Amino acid sequence: MHSRVNQWTSNVVEQCLSQLAKLGKPFKYIVTCVIMQKNGAGLQTASSCFWDNSTDGSCTVRWENKSMYCIVSVFGLAL
Amino acid sequence: MTTKQLPLSQEALAQFNQALAVESDGVLRTRAGSISTRRSSQSVDLHHPKHLLHLKSVEGSLSVIPSRRSSVFSNLTLTRKESLSLGKRLSLGPWMHCGRVSFSGLPLYQPVQETQFENTYKTHPDEGFRFDACKVQRLLEATLAGFLSDTRYNPVTCGQVTQNLSDLIRSKAKDLNPPRYKLVCHVILGQLNNQGLRVASRCLWDLDKDNVAIATFQNASLFAVAMVHGFYCE
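Chains A and B supply the protein sequences, listed in that same order. Its first residue numbered 1, the first sequence is counted upward by one per residue in this note's numbering. Its first residue numbered 1, the second sequence is counted upward by one per residue in this note's numbering.
Think of the hints as simulated: they come from the structure by calculation, not from any bench. A quick note: this is a predicted structure, and the numbers were derived from the prediction, not measured. Hints may contain errors.
[To be verified] Think about it this way: if two alpha-carbon atoms lie no more than 27 Å apart in a straight line, the pair counts; the simulated BS3-like pairs of lysine-lysine are:
| hint | chain 1 | residue 1 | chain 2 | residue 2 |
| --- | --- | --- | --- | --- |
| 1 | B | Lys174 | B | Lys122 |
| 2 | B | Lys172 | A | Lys25 |
| 3 | B | Lys209 | B | Lys174 |
| 4 | B | Lys172 | B | Lys209 |
| 5 | B | Lys209 | A | Lys25 |
| 6 | B | Lys122 | B | Lys209 |
| 7 | B | Lys135 | B | Lys172 |
| 8 | A | Lys22 | B | Lys172 |
| 9 | B | Lys209 | B | Lys135 |
[To be verified] Computed footprint of chain B on chain A, listed as stretches where at least three residues anywhere in the stretch have a Cβ under 8 Å from a Cβ of chain B:
| hint | segment |
| --- | --- |
| 10 | 30 to 40 |
| 11 | 47 to 54 |
| 12 | 59 to 67 |
[Claimed, not checked] Ranges between beta-carbon positions, derived for each pair:
| hint | chain 1 | residue 1 | chain 2 | residue 2 | range |
| --- | --- | --- | --- | --- | --- |
| 13 | A | Leu20 | B | Asp126 | 37 to 45 Å |
| 14 | A | Ser54 | B | Glu127 | 44 to 52 Å |
| 15 | A | Trp8 | B | Phe117 | 24 to 32 Å |
| 16 | A | Glu64 | B | Asp208 | 34 to 42 Å |
| 17 | B | Asp126 | A | Arg4 | 21 to 29 Å |
| 18 | B | Asn194 | A | Gln19 | 32 to 40 Å |
| 19 | B | Ala220 | A | Val61 | 28 to 36 Å |
| 20 | A | Ser3 | B | Asn119 | 27 to 35 Å |
| 21 | B | Asp208 | A | Leu23 | 20 to 28 Å |
| 22 | A | Val61 | B | Phe117 | 15 to 23 Å |
| 23 | B | Thr216 | A | Trp8 | 18 to 26 Å |
| 24 | B | Asp206 | A | Ser10 | 47 to 55 Å |
| 25 | A | Gly24 | B | Asn119 | 46 to 54 Å |
Glycine included, every Cβ here is placed at the ideal spot set by N, Cα and C.
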């Protein structure tokens, strides 16, 4: 299982980024994916940005199944 | 709606004052300062100190009109001669143009004008003004070590700790930030419990202008990952 996690995180970010690029909008993107095994441990994420509030933004999605958590964050900065 | 001030030349002012003296009831009232069709003019009323309202100008250039007298009939175009007199009749016509006074006589404030900057036509950062990933990485390592070295993971408080750390890193990175660069700081903080964790990140950016700095930290009870992305903004 541990060996496949590398592949999963890579796949998730690559596919997210390619879908975003397909939108064809004039944005630069940052996609971050965190996969954590469910073990009773706690996890916190926070982000702070210096950008233009009217044109830039971010989005975070949480997903889980029986054995792991997955958090994907996307930041979009306008050109 | 253009809001340009039209300053009058000295000759025009003199002519206007003369015309006023002839057509009013003989009282010479000089107008000092500029008169614009949109904004109220500055009138120094020597003979008739009676006035209706004090208006504070909320324009961008506040130094132009410090105090106002007789605002009602100073917001006029030059054609309304009867209202240039002491002004018992308050007609509605001229006020509609300028919008400075409402029908009830209460002042209406204009929004502050924002300065418009000209285009610089720059598409590349200047030499020596790129996002320095090494410096930012050293900064991240120092900040994480300083902030978290004696912290234990606490599920109640660590959420706030993570946010504070993220804001701190952003403010410190802003000092090192070259101009025209946008920053994205992302902090991940977790409890050490023998679990497996993987963080992956990918960006769609401009390879020669944009960069990222990443640092990690670990102590007995927690770990932290900090990422700072610097993006050039055209």
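So, going through the hints one by one against the coordinates:
Using a Cα cut-off of 27 Å, the hinted pair B/Lys174 and B/Lys122 holds, with the two alpha carbons roughly 21 Å apart. Taking the CA atoms of B/Lys172 and A/Lys25, the gap is near 31 Å; set against the 27 Å cutoff, the hint is violated. Restraint check: the Cα-Cα separation between B/Lys209 and B/Lys174 comes to about 17 Å, which is no more than 27 Å; the hinted pair holds. Between B/Lys172 and B/Lys209, the direct Cα distance comes to roughly 21 Å. Compliance with the 27 Å bound is thereby established for this hinted pair.
Simply put, B/Lys209 and A/Lys25 have alpha-carbon atoms about 19 Å apart, close enough for the 27 Å limit, and the pair holds. The hinted pair formed by B/Lys122 and B/Lys209 meets the criterion: a straight-line CA distance of about 13 Å does not exceed 27 Å. For a cut-off of 27 Å, the pair hint linking B/Lys135 to B/Lys172 stands: about 11 Å separates their Cα positions. Taking the CA atoms of A/Lys22 and B/Lys172, the gap is about 35 Å. The hint is violated against a cut of 27 Å.
For the suggested pair B/Lys209 and B/Lys135, the alpha carbons sit about 16 Å apart, so the restraint of at most 27 Å is met. Figure legend: the segment 30 to 40 of chain A, annotated as covered by chain B; annotation consistent (11 residues with Cβ-Cβ distances under 8 Å, at least 3 required). As drawn, the segment 47 to 54 of chain A meets chain B at 6 residues by the rule of a beta-carbon pair under 8 Å; at three or more, the given contact holds. Here's how the segment 59 to 67 of chain A fares: 0 of its residues keep a CB closer than 8 Å to some CB of chain B, so the rule of at least three is not met and the hint is violated.
Distance hint check for A/Leu20 and B/Asp126: the Cβ-Cβ separation is about 30 Å, which falls outside the suggested range of 37 to 45 Å. Between A/Ser54 and B/Glu127 the CB atoms are about 30 Å apart, so this pair departs from the stated range of 44 to 52 Å. With their beta carbons about 46 Å apart, A/Trp8 and B/Phe117 fall outside the hinted range of 24 to 32 Å. Taken as a hint, the range 34 to 42 Å holds for the pair A/Glu64 and B/Asp208, whose Cβ atoms sit roughly 39 Å apart.
In this structure the supplied range 21 to 29 Å is violated for B/Asp126 paired with A/Arg4, their Cβ-Cβ distance being about 46 Å. A hinted range of 32 to 40 Å holds for the C-beta pair B/Asn194 and A/Gln19, which are about 34 Å apart. About 32 Å separates the C-beta atoms of B/Ala220 and A/Val61, a value consistent with the hinted range of 28 to 36 Å. For the pair A/Ser3 and B/Asn119, the beta carbons lie near 52 Å from each other, so the given range of 27 to 35 Å is not met.
Checked against the hint of 20 to 28 Å, the pair B/Asp208 and A/Leu23 passes, with Cβ atoms roughly 24 Å apart. Roughly 37 Å separates the CB atoms of A/Val61 and B/Phe117, a value that falls outside the hinted 15 to 23 Å. The hinted range of 18 to 26 Å is satisfied by B/Thr216 and A/Trp8, whose Cβ atoms lie roughly 20 Å apart. A C-beta distance of roughly 22 Å is found between B/Asp206 and A/Ser10, which places it outside the suggested range of 47 to 55 Å.
Separated by about 25 Å at the C-beta atoms, A/Gly24 and B/Asn119 break the suggested range of 46 to 54 Å.
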